[in-house]
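Assembling the complex is the task here: the two chains are given apart, and the hints tell you how they should meet.
First to last, the protein sequences are chains A and B.
All the letters of the first sequence, read from the start, carry residue numbers 78 to 189 under the working numbering.
All the letters of the second sequence, read from the start, carry residue numbers 9 to 250 under the working numbering.
Hints are supplied without guarantee of correctness; some may be wrong.
Stated by the list, open to error - With beta-carbon atoms standing in for the labels, derived distance ranges:
(1) Ile105(A) to Ser249(B): 28 to 38 Å
(2) Gly112(A) to Ser216(B): 41 to 51 Å
(3) Val107(A) to Val142(B): 58 to 68 Å
As the list claims (entries may be wrong) - Covered, in the sense of this in silico footprint (three residues per stretch, anywhere, with C-beta under 8 Å from a C-beta of chain B), are these stretches of chain A:
(4) 81-90
(5) 145-155
No lab work stands behind these hints: they were computed from the structure.
These numbers were taken from a predicted model, which means no experiment stands behind them.
Glycine included, C-beta positions come from ideal geometry on N, C-alpha and C.
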Amino acid sequence: MLDLRLYVLQRISALVMVPFVLVHLGVIIVSAQGGLSATEILSRTQGSAMWFLFYSGFVVAVSIHAAIGVRVIAHEWSGLRGGALLLLTWTTGACLLGLGGWAVLAVTLGPS
Amino acid sequence: MPSITRTFTTTVRRGRPDGHFNETFEVPARESQTVLDVVSWIQQNIDPTLSYRFSCRVGMCGSCAMMVNGMPRWTCRTQVKKVLRNDRLEVAPLRNLPVIKDLAVDMDPFFEKWIEAEGFHHPSRSREDPIEPVSPENPGRVVADAGIECINCSVCYAACDTVTGNRDFLGPAALQRAWTLLNDVRDAARPSILEAVSRSGGCHNCHSIASCTASCPIGLDPMAAIAGLKRETALSCFRKSG
Ligand code: SF4
Ligand code: SF4
Ligand code: FES
Numbered sequence: 078m079l080d081l082r083l084y085v086l087q088r089i090s091a092l093v094m095v096p097f098v099l100v101h102l103g104v105i106i107v108s109a110q111g112g113l114s115a116t117e118i119l120s121r122t123q124g125s126a127m128w129f130l131f132y133s134g135f136v137v138a139v140s141i142h143a144a145i146g147v148r149v150i151a152h153e154w155s156g157l158r159g160g161a162l163l164l165l166t167w168t169t170g171a172c173l174l175g176l177g178g179w180a181v182l183a184v185t186l187g188p189s
Numbered sequence: 009m010p011s012i013t014r015t016f017t018t019t020v021r022r023g024r025p026d027g028h029f030n031e032t033f034e035v036p037a038r039e040s041q042t043v044l045d046v047v048s049w050i051q052q053n054i055d056p057t058l059s060y061r062f063s064c065r066v067g068m069c070g071s072c073a074m075m076v077n078g079m080p081r082w083t084c085r086t087q088v089k090k091v092l093r094n095d096r097l098e099v100a101p102l103r104n105l106p107v108i109k110d111l112a113v114d115m116d117p118f119f120e121k122w123i124e125a126e127g128f129h130h131p132s133r134s135r136e137d138p139i140e141p142v143s144p145e146n147p148g149r150v151v152a153d154a155g156i157e158c159i160n161c162s163v164c165y166a167a168c169d170t171v172t173g174n175r176d177f178l179g180p181a182a183l184q185r186a187w188t189l190l191n192d193v194r195d196a197a198r199p200s201i202l203e204a205v206s207r208s209g210g211c212h213n214c215h216s217i218a219s220c221t222a223s224c225p226i227g228l229d230p231m232a233a234i235a236g237l238k239r240e241t242a243l244s245c246f247r248k249s250g
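The shape of chain B in the complex, shown without the other chains (with noise of 0.2 Å):
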């Protein structure tokens, strides 16, 4: 007699930038079982053509981020058993960005971003000068080394409502990178990341709800580092003025 194996339902939003519609798929539950696990049960044994991201499956790379009943989640570290409601889970793209086809998303909006917000290094020396040495207790490094570890997921960025009502707003972690460089002794662009997060998008249009920081699986808080952008562009609007 072939024993009997408990399912549970999950629904699968698919489809391209025109138009989607939600599928509905029946998957055997298993011990330690992750979302990934289960979009991947569903291409291998269901339908191959449903198209998703991923790559590590250990949360190193970032690329598996999807919204899971309604939360933007790494879904190589979520265990479907601690998400289960009723007995359902519900898979969709990445919110906030804008679909290729099923749970694959157009990342190129969040990278645009991180580059109009000065997030990438402007060095202070070339390769031909010796390596600065920068302690770890320098205060301006423990705050840059808050939010270091930042693998641009995007999942904060999903979370965030200012976004989605603000298209034009950099997001959290966007501007946790420009506040990380901010704060590192090597960035040599201190006024050009004030003025990028200064602009219209910038760093004043977000009302610290905090769902960023709540979301991050790695427990950064961009949510803060957005806080001493605000701090930091006023002060010096202050000393521009003074």
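Only chain A is shown next, with the shape it has when bound in the complex (with noise of 0.2 Å):
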């Protein structure tokens, strides 16, 4: 159920992933240093626009990945195919980005 495309396109996903998990783990064992309040951490995001690209496109890296991971799990596991494997390939990556695009806005826009 995986074709060159989807291969590709999850391999790329994948390579650009590293950097951002490496990133986001030291951001947080640094900043975390000596103790961090919610407040503080909303104060460093809220109109980073910095903080918002590298976690925009983290966000977009994951749900593509993950949503051809599950595609493949699906049809391995429950023999899934057809419009119902396109369907939940397609529902995984649009609900991870649309839950991380929420929470990557809701960080960074600041109250409203």
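What follows is the structure, given as structure tokens:
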């Protein structure tokens, strides 16, 4: 259930995620030194274009990667195929994109 | 006084496509006995209706493959004493293929996938042309030679969990053949091979778990061949878009 196009998309999204994950973990470790409150976090993320771009990219890569991965597992474990499999792939991708995008917007745009 | 013969218990999975059952036989142990000897002994001494397939009995034809204690093997080259577990042996038809009767499976889906993977020679010259000399040192030839000894026994196909989960997956043997042809300087269908192995049942479904490589009785490495196909198809994809 993986043709060349999906395979390449999944490998590229994995490659893109490597620096994202490393920077993400690094930032957590460094910024959490000495304790960190929610207000402090929001004061850094709100209005930060860098932060917005970084995590938007991360969310896009995760959505593509996970949607294709879930597609493979669903097909091999449940035999799902055709339109139902396509629907599951797109729904998984769209949900992750929606939830992730919502979270990124929520912490960047600030209190409305 | 009759000599006491040591025996062991053999369970054979029998049946037809609509259902199967296990039958147990006590088989006398013999020196250097193979699993194929056991199956033949049962058929010749207890139940002549037991169906199974073999031909050469020396590991040349690949027709005697069955599941032996859960692992796909050439039964003619598998010594009983090496696989016996607590004096028990379990023989079943090859996994991932439809059963015809008892231990004989229908190999059609396996061979149909060879064709689907373009696993046949596409001539670059006609019979009127002179024979093209190919040096054994030619790098493509060296890669092709690594997989050329495959005898289509389907042991690797039976070992592959991806084939079990994804019935469209072409499987290790067909893909390995596609890889040898891709590297064969005499084969004229490189684009069609790359296209055939890039479809939704193609090489990109392989999870590189290597059950195929671990089980091949002649030590071939279909997983490495599939890795080669993944690399070549991905490169050709970038070449096309670049
Ligand atoms: S690669 Fe090995 S196990 Fe697979 S069909 Fe060929 S000879 Fe048999
Ligand atoms: S390496 Fe690929 S082809 Fe070989 S057994 Fe695993 S999934 Fe199947
Ligand atoms: S009978 Fe020919 S390989 Fe076993």
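Here is what the structure says about each hint:
1. Ile105(A) to Ser249(B): 28 to 38 Å: holds (36 Å)
2. Gly112(A) to Ser216(B): 41 to 51 Å: Given a distance of about 44 Å, which is inside 41 to 51 Å, the answer is holds.
3. Val107(A) to Val142(B): 58 to 68 Å: Given about 59 Å between the Cβ atoms, the range holds.
4. 81-90: holds (count 6)
5. 145-155: Holds: 4 residues of the region 145-155 of chain A have a Cβ under 8 Å from chain B.
Of the numbered hints stated above, none is contradicted by the structure.
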